[in-house]
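**Q** Top to bottom, those sequences are chains A and B.
One point on numbering: in numbering that gives the first Met the number 0, the residue at position 89 of the first sequence is 88, and numbering is uninterrupted.
One point on numbering: in numbering that gives the first Met the number 0, the residue at position 120 of the second sequence is 119, and numbering is uninterrupted.
The set of hints was computed from the structure by calculation and includes no laboratory data.
Incorrect hints may appear among the rest.
Simulated crosslink set (SDA-like; lysine to any residue; CA at most 25 Å straight-line) [claimed, not checked]:
no. : chain 1 : residue 1 : chain 2 : residue 2
1   : B       : K120      : A       : F39
2   : A       : K77       : B       : A21
3   : B       : K82       : B       : R63
4   : B       : K151      : A       : R19
5   : B       : K82       : A       : D63
Source: prediction; values computed, not measured.
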Amino acid sequence: MSQLKDIIYNCKKATSLIERKQIGRLTLREHVELRIHLAFCSVCRIFRRQSIAINRMVKILFNDAQERGTKLDDAFKKSLQERIEDKLNKNGKNL
Amino acid sequence: MGISFMTPNNSNNGSMLKDTIAVDPLQWVAKYADYLFTYAVTRLNDDEQARDLVQETFLAALERLDRFEGKSSERTWLTAILKNKIVDVYRKKSSGLSGMTAHLDGEEEQDFFDNVTGHWKTVHSPRVFGIEDPGQLDKKEFTRILQQCMQKLPALWLSVFTMKHMDDAPTENICTELKVTPSNFWVIIHRAKLSLRACLQKNWI
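Make the full structure from the sequences, and use the hints.
**A** Take a look at the structure:
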């Protein structure tokens, strides 16, 4: 009985299982424990929804930034272009 | 991913048309600088460092032009070089700090759970605050706060978190590259999410 109580109360463990489940694998036992915990714990159910939402948002950060048109400034690009041309010229002479 | 943005010559992925996939460094800045910068800045959240890495990437690529085989697109090749440089930065940032004891910037390490029962402490309990349905979100604003909150994570945590969640890197690779044990990896993944979520709840109105 105390084992069941441990499963139901242990949000620390449950949240760690929630994380592992999203990117790895749970053992059958862990899987069952998590299901039992979530059935009883509404707070961890909220945590799970938010955790999944956060992972999804992190995945699209990069695409999002691209769409927003994150850009290097022109001055920096110009100097970069010059450095590349410079280097190509030098390499050319060495060949 | 995102190959559909590529120029037409990307459709040649064989070696038959080798001349059309030849590298052209003179076009790099115009074609890839913004892309690479965005790639770096979303992973490092540091404009200046991202700029430096873009520059280093181009210069490193010039050094090994002969090793570009045309098997992948120019962009993929350059991105791979940049990726390695980002991991180098992660490694540098997180070594020296013992990641597990590193505290959150300016904030005390919070213990989210009651030591005896393992239950959430009431103050730290997750509440519904509007991010549960990403469809409904003001994405721009959320992204901004998300990035700010990620920045508050200790360097090693952020590195592990980003490599896993943004880049889907295999866990073994992350452990090897950042020198963390598998069990520490899971502790970090867990703590990072707890901290990040708490930060979002605090800052998202």
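**Q** So which of those numbered hints doesn't the model satisfy?
**A** none
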